[in-house]
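Work out the full structure: start from the sequences and follow the hints.
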Amino acid sequence: MKRHSPIVVHVLVLLGVTMLALGTAQAGEYGAPAPERQAELVRMVRQDCGSCHGMSFKGGLGPALLPDDLRDKPFESLVATVLDGRPGTPMPGWRPFMTEDEANWIVERLMHGFPSVHIEIGQGDR
Amino acid sequence: MSFMGVAARKGLLLLFAVLLVGGCAYRGDVRGTADLGVVVERASGTVAVVNTSNQSVLGEVAGLGDLSHAHVTYSRDGRYAFVFGRDGGLTKVDLLTRTIARRVIQAGNSIGGSISQDGRLVVAQNYEPGGIKAFDAETLELVSEVPAEYAPGKFSRVVGLADVPGRKFVYALFDAGEIWVTDFSDPRKPATRRYRAGKQPYDGLVTPDGRYFLAGLFGEDGIALLDLWQPEKGVRRILDGYGRGEEKLPVYKMPHLRGWAIAGDKAYLPAVGHHEVLVVDTRSWKEVNRIPVKGQPVFVMARPDGRQVWVNFAFPDNGWVNVIDTLDEKVVKTLAPGKAVLHMEFTPRGDAVWLSARDDNRVRIIDPENFGTIKDLTLPAPSGIFFTNRAQRIGF
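Residue numbers (our numbering), protein chains in the order written: chain X, 1 to 126; chain B, 1001 to 1396.
Warning: the hint list may mix true and false statements.
What the hints assert, rightly or not - Below 27 angstroms or equal to it, Euclidean Cα-Cα: the simulated DSS-like pairs (lysine-lysine) are:
| # | chain 1 | residue 1 | chain 2 | residue 2 |
| --- | --- | --- | --- | --- |
| 1 | B | 1266 | X | 73 |
| 2 | B | 1266 | B | 1199 |
| 3 | B | 1253 | X | 73 |
The hints are simulated quantities; they were obtained by calculation from the structure and are not laboratory data.
Here you go:
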């Protein structure tokens, strides 16, 4: 992925915040989660999926999850992998922690550029 | 006149003494580093330099890149922290001046590194390109590299790198299922020996004496053990099939192994896919106990005296910490030190343990004798905590 200048990143983050605040993130035909739930999911995906796939999704023990890496993968099978894992690999199923609509939303966001983790850090103690 | 001469000479001496004292005072922080360390602020590319004597943050050093899953190893004088970033950045941080001494981008995707016994070589372990690279610890110039090409054109991600005596490094190849031992006696011409380990080694550790390397396996229940004093005997499997007959639970974060797992003559190791700590006798390498714990263990870490073993957990149990008493091998305390407890580090002699609670933006410092909180430090999204006594330990 191309490196963006800090100002571009800030603009992107602001755009992300705006989208979250308005609850208008593109979720296709699926019901988008409420803004607070979106923030939780963003954190979960960045931080917890990030422990294998990298916080910036460039991959680690798990494969990279950037839009370019996912472009040619079938949407439905990506959702199935999120929900039920992939046997024979370390990928576990995340069904206990999200609904199918939420998994759809996560995959859709991953395929189009995932919101930044800085959104929730900004709401911390500092 | 001679009186004036003496007075003048005394005056000069006094002036000299004042200048000397003043000079020292001006230099400020003349101090040792044995009570220092760093806390990684994973989301902001920053490390906080901390003091474990008065539990304070001395300052921050920013500009270190992507520090998710960052690792730190120390120069042998304990002054410089070598910080390995996920994005392949390798930064040499001066703890005393709290500045960046050197920085290179050495890979596309890195997972950590270690320093040679003599302190001359810093070695990084990488996912992309798969392999290890050795750098001059002084200048961070590339000295040599060992691509993890386990079959023609096939490169493996490297995990579990540990320094062992004799300027050697041991590591495991996740994709190849092998353990490699590379000898950097001639730093520009490293020599590597390969051993079969088992399916998907996810991390490794070397015992504190540098003798045994253990590679934890994800793809099968068991641990690969290599005796580095007699490597010709090959890899032996221990804890073979430890989960047999039990349903394997999902693993939402890979456990981490390091020499802190050894307490007395036992090793305390995380089971994978089972909510248990496995206890192994390090003389016979036979399993002697299994201790049920709160979730999937990530770090299983002995207090320096070996009396306690602290355990944190993978998502969704990452708000809990279990403390095992090694005399009766039972969990004696369950703590909730904060949201998303990512890491723990004991002070060199174990008077305190520091725990990072990522989602509470807090480091909690606990007295392991009475489990009381000594102090909380506010730091943004803290993850790894690394104290300088790692500089004196084999395999860190």
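So, going through the hints one by one against the coordinates:
1. 1266/B <-> 73/X: 47 angstroms, violated
2. 1266/B <-> 1199/B: 25 angstroms, holds
3. 1253/B <-> 73/X: With a Cα-Cα distance of about 24 angstroms, the restraint between residue 1253/B and residue 73/X holds, given a limit of 27 angstroms.
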